[in-house]
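Participant: Residues per chain, in single letters:
2 protein chains.
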Amino acid sequence: MISMIVLGSGNVAQHLITAFLKSEMVTLVQVFARDASKINHLIDIEKITTDYLTIKKADIYVIAVSDNAIAEVSNQLPFKSRFVVHTSGSMPMTVLNEKNNRGVFYPLQTFTKNKALHFREIPICLESEEASDYQMLEQVAKSISDFPYSISSDQRKALHVAAVFVCNFVNHLYAQGQAICDANDVPFSILQPLLIETASKIQTLTPEEAQTGPAKRNDTETINAHLLFLKDKNQQEIYKLLTKSILDHGKKL
Amino acid sequence: MISMIVLGSGNVAQHLITAFLKSEMVTLVQVFARDASKINHLIDIEKITTDYLTIKKADIYVIAVSDNAIAEVSNQLPFKSRFVVHTSGSMPMTVLNEKNNRGVFYPLQTFTKNKALHFREIPICLESEEASDYQMLEQVAKSISDFPYSISSDQRKALHVAAVFVCNFVNHLYAQGQAICDANDVPFSILQPLLIETASKIQTLTPEEAQTGPAKRNDTETINAHLLFLKDKNQQEIYKLLTKSILDHGKKL
Numbered sequence: 001m002i003s004m005i006v007l008g009s010g011n012v013a014q015h016l017i018t019a020f021l022k023s024e025m026v027t028l029v030q031v032f033a034r035d036a037s038k039i040n041h042l043i044d045i046e047k048i049t050t051d052y053l054t055i056k057k058a059d060i061y062v063i064a065v066s067d068n069a070i071a072e073v074s075n076q077l078p079f080k081s082r083f084v085v086h087t088s089g090s091m092p093m094t095v096l097n098e099k100n101n102r103g104v105f106y107p108l109q110t111f112t113k114n115k116a117l118h119f120r121e122i123p124i125c126l127e128s129e130e131a132s133d134y135q136m137l138e139q140v141a142k143s144i145s146d147f148p149y150s151i152s153s154d155q156r157k158a159l160h161v162a163a164v165f166v167c168n169f170v171n172h173l174y175a176q177g178q179a180i181c182d183a184n185d186v187p188f189s190i191l192q193p194l195l196i197e198t199a200s201k202i203q204t205l206t207p208e209e210a211q212t213g214p215a216k217r218n219d220t221e222t223i224n225a226h227l228l229f230l231k232d233k234n235q236q237e238i239y240k241l242l243t244k245s246i247l248d249h250g251k252k253l
Numbered sequence: 254m255i256s257m258i259v260l261g262s263g264n265v266a267q268h269l270i271t272a273f274l275k276s277e278m279v280t281l282v283q284v285f286a287r288d289a290s291k292i293n294h295l296i297d298i299e300k301i302t303t304d305y306l307t308i309k310k311a312d313i314y315v316i317a318v319s320d321n322a323i324a325e326v327s328n329q330l331p332f333k334s335r336f337v338v339h340t341s342g343s344m345p346m347t348v349l350n351e352k353n354n355r356g357v358f359y360p361l362q363t364f365t366k367n368k369a370l371h372f373r374e375i376p377i378c379l380e381s382e383e384a385s386d387y388q389m390l391e392q393v394a395k396s397i398s399d400f401p402y403s404i405s406s407d408q409r410k411a412l413h414v415a416a417v418f419v420c421n422f423v424n425h426l427y428a429q430g431q432a433i434c435d436a437n438d439v440p441f442s443i444l445q446p447l448l449i450e451t452a453s454k455i456q457t458l459t460p461e462e463a464q465t466g467p468a469k470r471n472d473t474e475t476i477n478a479h480l481l482f483l484k485d486k487n488q489q490e491i492y493k494l495l496t497k498s499i500l501d502h503g504k505k506l
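Here the protein sequences come in this chain order: A and B. At position 207 of the first sequence the residue is numbered 207 (the working numbering), and the sequence of numbers has no breaks. Throughout, the working numbering is defined as the position within the second sequence, counted from one, plus 253.
Be a bit skeptical, because a hint or two may be false.
Claimed, not checked - No more than 25 Å apart at the CA atoms, straight line, and that leaves these computed lysine to any residue pairs for SDA-like:
1) B:K493 / A:E208
2) B:K469 / A:D35
3) B:K504 / A:L230
4) A:K251 / B:K493
5) B:K484 / A:A158
6) B:K504 / A:A179
7) A:K216 / B:V265
8) A:K157 / B:A436
9) A:K240 / B:I443
10) A:K240 / B:S396
11) A:K216 / B:K469
12) A:K142 / B:S406
13) A:K252 / B:N437
14) A:K252 / B:D435
Rather than coming from a laboratory, the hints here were simulated on the basis of the structure.
Working from the sequences, and respecting the hints, build out all of it.
Facilitator: Here you go:
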């Protein structure tokens with residue numbers, strides 16, 4: 001068994017606590033959280049501490065806090081030469097205080113409060129300074145997920161930017177689609193199957209192969225009609241830029 | 254039984270032919286196609302015609318051709334006062350020649366060649382001039398799909414624009430995500446579960462509730478780091494515009 005301590009109480013911390021509690025490879029020794037009330041529904045209250053000085057000994061310390069708090073939490077740890085990882089997609093491993101052995105345990109998924117996830121299908125990006133630490137980290141990752149990857153800090157940065165495109169920006173296009181439906185008295189739910197199929201297509205086709213629509217066909221008549229239809233300046237701008245990008249992308253291939 | 258004739262041989266026509274052949278409500282009398290070789294794997298060759306003058310009698314004629322060919326095909330039909338529909342998301346019902354009774358049968362999905370679809374889950378947007386025609390159209394729709402909707406030409410136009418956002422533009426963001434991965438030696442497949450979860454979230458949450466990421470958090474440090482990371486001018490522009498749009502959208506709520 002590998003003993004672990006999670007530091008944090010937000011979305012990612014909560015999903016990790018749940019996954020670690022189910023893992024047969026992990027003993028979750030303790031959770032450090034400034035606000036115990038956010039996680040006492042997940043774990044016994046006596047396993048929660050709010051004081052750095054009472055943090056116990058463990059094989060791996062997982063700092064699952066917001067990006068800008070990682071350095072501070074790692075600085076506050078009252079020990080050295082232990083194995084400490086963070087869970088961020090965008091921060092390099094070196095943001096952690098070097099008094100400890102450092103690593104990264106980044107589950108690449110969009111975590112929403114109160115929405116259960118099948119952790120086994122979530123890729124986990126792993127990195128560590130020490131090879132022996134990596135082995136331990138990989139054991140833990142394999143115990144909760146079928147997709148552990150060795151990913152360097154540079155690769156992780158690229159992945160995180162790409163994830164912003166395929167997740168955050170995509171979701172915002174859903175929001176714009178809903179706004180257009182709402183403004184025209186059409187139920188957004190009609191678009192649900194399309195939206196799901198658009199994502200699942202990418203499991204068997206490349207995005208290039210899957211591309212359809214007026215921009216792909218260079219159907220200027222429809223494109224102009226759509227631009228005329230859109231009254232919202234911001235929606236017009238998004239429509240123009242992405243249409244141009246699809247056209248240019250097609251030319252490059 | 255409702256007798257039907259499909260005019261067209263492209264993606265949509267092929268998927269409809271397959272669905273109608275399976276329907277217990279429909280007799281597919283004939284298919285009109287300029288190029289018979291594109292559909293003779295789906296239907297007996299003697300049921301295919303390439304000559305307008307040999308088109309048979311049927312309850313519903315379905316024109317499933319590209320948008321700019323619909324008017325021409327409907328003009329060429331050598332009969333009047335029959336029921337003729339098109340399958341386009343972006344064209345009004347009135348693009349059809351008025352010598353026949355007009356309607357629309359628009360399956361709202363992204364059709365890709367050689368990729369099977371569960372037609373029952375595809376919403377079909379219906380419209381007709383005559384109430385009695387509508388009933389017949391709805392019977393056909395219900396026989397192949399669980400989601401028939403009565404949608405006016407104006408509503409359909411809005412839906413089609415919204416579909417460009419949630420399907421065509423979303424797919425292009427996948428393409429950009431893959432380009433970023435490729436340029437940085439990371440397998441794009443790591444992003445698959447994220448991409449699927451991002452779409453399936455929208456079945457239980459609104460896009461506003463589901464929004465995550467640096468723009469949503471107004472995390473300017475990460476946003477600037479990402480912009481610095483992106484070397485491609487076009488990717489930078491997309492990143493800036495969509496980040497600004499997420500920020501502004503958040504303020505409006």
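Participant: For each hint given before, does the structure comply? Return the numbers of the non-compliant ones in rising order.
Facilitator: Structure breaks hints 9, 10, 11, 12.
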